[in-house]
Amino acid sequence: NAGVTQTPKFQVLKTGQSMTLQCAQDMNHNSMYWYRQDPGMGLRLIYYSASEGTTDKGEVPNGYNVSRLNKREFSLRLESAAPSQTSVYFCASRPRGGMGTGELFFGEGSRLTVL
Amino acid sequence: AQSVTQLDSHVSVSEGTPVLLRCNYSSSYSPSLFWYVQHPNKGLQLLLKYTSAATLVKGINGFEAEFKKSETSFHLTKPSAHMSDAAEYFCAVSLNNAGNMLTFGGGTRLMVKP
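These protein sequence lines are chains A and B, in that order.
First residue of the first sequence: 1, per this note's numbering; consecutive thereafter.
First residue of the second sequence: 1, per this note's numbering; consecutive thereafter.
Read the hints as simulated data drawn from the structure, not as lab findings.
Glycine included, C-beta positions come from ideal geometry on N, C-alpha and C.
Careful, some of the hints might be misleading.
[Stated by the list, open to error] On the chain B side, residues computed to face chain A include the following (Cβ under 10 angstroms):
(1) P18
(2) N24
(3) Y25
(4) L44
(5) F63
(6) A86
(7) A92
(8) L102
[As the list claims (entries may be wrong)] Per the computed footprint, the stretches of chain A lying under chain B, defined by three or more beta-carbons under 8 angstroms from a beta-carbon of chain B, are:
(9) 17–28
(10) 78–87
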């Protein structure tokens, strides 16, 4: 039972470099999310995908792009990394149903440092 | 708009004493409320949720929370802390008409002393 799997777990980038964070879930969930976690600020939603083929901006989308490759996979891309994007990134998924009736299932996080 | 405020960034208790982690929310609509726990270097795990049924909600590991609409609060409690409860706790709110948006508070780090 893998659940939500994120790769890589750790990454160090230089300013201006690009990279993609990968996320896959094996629970047949419809919705997938990318959050960033910063000290004292909780988790903030970057982008989400309510279902395969759709993506929407969250609270802090600037500097990021996403791709819902198929029902299982949802990737987050940083085209030109900036030090302000140093953070811990979490992918999550949710089964069909309203947000109030379902819980989010989280990966273990990807720790990104931008120098 | 919806928002969540966790009133304490750090809480320290002794093992065996009660735990109280405070959460207030603002919402113009009927909310769903959640508490998540995060152990070091792990993802978040759901502790409990309120979705307009009973106002006193019981979760895993002996935690419970009470929804108080008049106070716009959803505080998390546990009668007796264990060392294994040391973690970071997040309160979150979702509006029932807000589709996929879940808003998190800033987190409370719980420390448990022997």
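The hints, checked one at a time:
Restraint check, P18/B versus chain A: the minimum CB separation of about 24 angstroms is more than 10 angstroms; hint violated. Interface restraint check: N24/B against chain A, minimum CB-CB distance 14 angstroms, threshold 10 angstroms, status violated. For Y25/B, the interface hint is violated, since its Cβ never comes within 10 angstroms of a Cβ in chain A; the closest pair sits about 13 angstroms apart. Given the 10 angstroms rule on beta carbons, the hint for L44/B holds: about 5 angstroms separates it from the nearest Cβ of chain A.
The criterion of a C-beta within 10 angstroms of any C-beta in chain A is not met by F63/B, whose closest approach is roughly 15 angstroms, and the hint is violated. Checking A86/B against chain A by beta carbon gives a least distance of about 17 angstroms; that is not within 10 angstroms, so the hint is violated. Proximity of A92/B to chain A holds as hinted, the smallest CB-CB distance being about 8 angstroms (cut-off 10 angstroms). Residue-level restraint check for L102/B holds (minimum Cβ-Cβ distance to chain A is 6 angstroms; threshold 10 angstroms).
Coverage of the region 17–28 of chain A by chain B is violated in this model, with 0 residues showing a Cβ closer than 8 angstroms to a Cβ of that chain against a need of three. Note: the region 78–87 of chain A has 0 residues with beta-carbon separation from chain B under 8 angstroms; the three-residue rule is not met and the coverage is violated.
When the structure is compared with the earlier hints, violations turn up for hints 1, 2, 3, 5, 6, 9, 10 and for no others.
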